[in-house]
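S.K.: In case you want the letters, here they are:
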Amino acid sequence: MPEIGVIIKVLFMVLVVMAALLPVITWVERKQSALMQDRIGANRADIAGITVIGLLHPLADVLKLLSKEDVVPAGANRVMHLIAPVLALVPAIIILAAIPFGGVYDFGSGPVSLVAADLDWGMLYILAAGSIATYGTVLAGWSSNSNWGLLGSLRGSAQMISYEVTMGLSIVGIFMVFNTLKLQEMAQAQDATFHLLGFLETFGWISHLPSWLSWLQVPMWGVVLQPLGFVMFLTCIMAENKRPPFDVPEGESEIVAGYHMEYSGMRFGLFYTAEFLEVPVIGTIVTTLFLGGWAIPFLSTQDIIGGLIPVFGVGAATGLCLILQVLTFFLKVIFMIWLQMQIRWTLPRFRYDQVMDLCWKIMLPLSLANIFVTGLAILLIQEAGR
Amino acid sequence: MPVPLEHVIGLSAVLFAIGTIGALTRRNLVVIMMSIELMLNAVNLALLGFSRAWADPTGQIFVLMVITVAAAEVAVGLGILISLFRNRDSVNVEDVSLLKW
Amino acid sequence: MSAAAVLFYVFAAMTVVAALGMVLNVRNTVASAMSLVVAMIALAGIYVILEAHLVAVIQILVYAGAIVVLFLFVVMLLNLRSDAFAVPRSRLVKLLGMVVTGWILWVFVRLLPGSLPAVKALPEGFGGFRDVGRELFTSFVLPFEVTSFLLLAAIVGAVVLAKRRID
Numbered sequence: 001m002p003e004i005g006v007i008i009k010v011l012f013m014v015l016v017v018m019a020a021l022l023p024v025i026t027w028v029e030r031k032q033s034a035l036m037q038d039r040i041g042a043n044r045a046d047i048a049g050i051t052v053i054g055l056l057h058p059l060a061d062v063l064k065l066l067s068k069e070d071v072v073p074a075g076a077n078r079v080m081h082l083i084a085p086v087l088a089l090v091p092a093i094i095i096l097a098a099i100p101f102g103g104v105y106d107f108g109s110g111p112v113s114l115v116a117a118d119l120d121w122g123m124l125y126i127l128a129a130g131s132i133a134t135y136g137t138v139l140a141g142w143s144s145n146s147n148w149g150l151l152g153s154l155r156g157s158a159q160m161i162s163y164e165v166t167m168g169l170s171i172v173g174i175f176m177v178f179n180t181l182k183l184q185e186m187a188q189a190q191d192a193t194f195h196l197l198g199f200l201e202t203f204g205w206i207s208h209l210p211s212w213l214s215w216l217q218v219p220m221w222g223v224v225l226q227p228l229g230f231v232m233f234l235t236c237i238m239a240e241n242k243r244p245p246f247d248v249p250e251g252e253s254e255i256v257a258g259y260h261m262e263y264s265g266m267r268f269g270l271f272y273t274a275e276f277l278e279v280p281v282i283g284t285i286v287t288t289l290f291l292g293g294w295a296i297p298f299l300s301t302q303d304i305i306g307g308l309i310p311v312f313g314v315g316a317a318t319g320l321c322l323i324l325q326v327l328t329f330f331l332k333v334i335f336m337i338w339l340q341m342q343i344r345w346t347l348p349r350f351r352y353d354q355v356m357d358l359c360w361k362i363m364l365p366l367s368l369a370n371i372f373v374t375g376l377a378i379l380l381i382q383e384a385g386r
Numbered sequence: 001m002p003v004p005l006e007h008v009i010g011l012s013a014v015l016f017a018i019g020t021i022g023a024l025t026r027r028n029l030v031v032i033m034m035s036i037e038l039m040l041n042a043v044n045l046a047l048l049g050f051s052r053a054w055a056d057p058t059g060q061i062f063v064l065m066v067i068t069v070a071a072a073e074v075a076v077g078l079g080i081l082i083s084l085f086r087n088r089d090s091v092n093v094e095d096v097s098l099l100k101w
Numbered sequence: 001m002s003a004a005a006v007l008f009y010v011f012a013a014m015t016v017v018a019a020l021g022m023v024l025n026v027r028n029t030v031a032s033a034m035s036l037v038v039a040m041i042a043l044a045g046i047y048v049i050l051e052a053h054l055v056a057v058i059q060i061l062v063y064a065g066a067i068v069v070l071f072l073f074v075v076m077l078l079n080l081r082s083d084a085f086a087v088p089r090s091r092l093v094k095l096l097g098m099v100v101t102g103w104i105l106w107v108f109v110r111l112l113p114g115s116l117p118a119v120k121a122l123p124e125g126f127g128g129f130r131d132v133g134r135e136l137f138t139s140f141v142l143p144f145e146v147t148s149f150l151l152l153a154a155i156v157g158a159v160v161l162a163k164r165r166i167d
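Residue numbers (this note's numbering), protein chains in the order written: chain W, 1 to 386; chain Y, 1 to 101; chain G, 1 to 167.
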């Protein structure tokens, strides 16, 4: 039955991201921050005296959270208290269904697209899932029947719905450039290179580019075509997920723990998982939109398969290309995770009014200007090409 | 069409009726506004049912306009509610019955 | 019964139950709002079954993801309590209400089947963002631009109404 392919892809994504990447990320967070702050970091969790440079700490975290008492504060709304962490975690997981972790390969029985849900409106699905995540924050603080919880929750939900707007607007430029909302098509469009000075020839300012400049090829990645969009989207999606430096709602030193203060045990574990799951999910989204997805720079799929066919034969060449491109995708995701950790441990926490100012007074006009300039550029290039 | 058009319209009617009951019988202004949103959603469902049945995208455009108008109405309505609450410290609709005969 | 039909009835049941939960819930305004969210997400599922994909995603993005959050904001900010169901004045009014509702429903059920024109076949890409977008920006560009004015008026109105007194 055709659904078995979908199930396999979903299981692959969930297993790789949640079971393989997620524990490593908590370790990376501790070790990277330790390296940046010139200290050793957590390295004492051990099994029978063997510490594995701190790799057992994620396991220790899980065991600790599972064994803690599940406290629900008096006067809290029990039902909302229970479903808030679920509403925070589930949208982060379901976003993974629409991410293409590999290209479209033909093994003889029709094209196989390595994405679990190849939606025509894939990016809108991701934005919609992100907007559902707001409810986790809203309900968590309110249902806790505590001052700090409510304060963190109000701040958090205001921040999230503000940055949703600019998150959507900042990638309209990418939609215009790639002319699609389907994430697999975006990744395929980034599987090419273009000449950096080609616009001189297109507009007719130079009749023909000199041959000594023909090496200046650049991969057609989103970050090259929309650099401002990349910076804005990265900022907005980090603010949307309340990643530090935008973590005023959690405010670890100001309002205790903000909206998830009254959560303990595995309920807090769900919030903890949601926050750390959002790091690779942000990584996958930014990789697909801006960093070329699964595409290897300067080596398009045709080049790889064409180059490997004489050595391996058609089926094995396609399979090898598949493995290479999936590995490239996860390498880029790991780069994005590293980048987010760097940003987290470099910048101090922003003040709440600075966060809101950044959204409405800087990001919104900038993203609208970006849309305008991108549209203008596309129009001029199309007119010149005619 | 997976289900007969009558069933879609019937569902829309049921939702509209539930929304009307909510708007007429509840006294909490927030719940009254949410019931109005439910009525708007029922209308959206009817419009989309007809749009699907007669292959006319006009219905979907109309629904987009309705969603936009609903968003604007909620923003202004909640603004009114907040200033009302500041003045009277209550959102019970029976407390704002000064003009009632 | 195709899978789409089964899903339609499941979503329809979810919507009706959630709508009733919203209207009949007297203890907790936040629970009413969450029931409304469930109703809207179930409606988005029905919209997808009715081949209105763009509208379904916009329903979740705008309605379930922003409008109801606004409601929850206001409820949390103002710390609103809930109320009791308003009881009708007399038993006669209750009876009259039920009779009128029953009569309307009976007329509806008698008249509706067979009164609607036949269903047409769908073109390719119906309800997708390209189709709707093309219509929106060619035939309906005037309503589109007018709604931008409407939203501007709503923003200004909401800011002015919710501001404290300007001293």
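Note that these hints are calculated values from the structure, not bench results. Nothing here was measured: the structure is a model prediction, and the numbers come from that model. Fair warning: there could be bad hints in the mix.
Unchecked claim - Cut-off 30 Å, straight-line C-alpha distance, at most; resulting in silico cross-link-like pairs (DSBU-like, lysine-lysine):
1. 182/W - 94/G
2. 94/G - 100/Y
3. 31/W - 68/W
4. 100/Y - 163/G
5. 31/W - 64/W
6. 361/W - 163/G
As the list claims (entries may be wrong) - Examples of chain G residues toward chain W, derived with CB under 10 Å:
7. 6
8. 31
9. 66
10. 77
Every residue gets a Cβ at the ideal spot worked out from N, C-alpha and C, and that includes glycine.
S.K.: For each hint given before, does the structure comply? Return the numbers of the non-compliant ones in rising order.
M.R.: Violated: hints 1 and 7.
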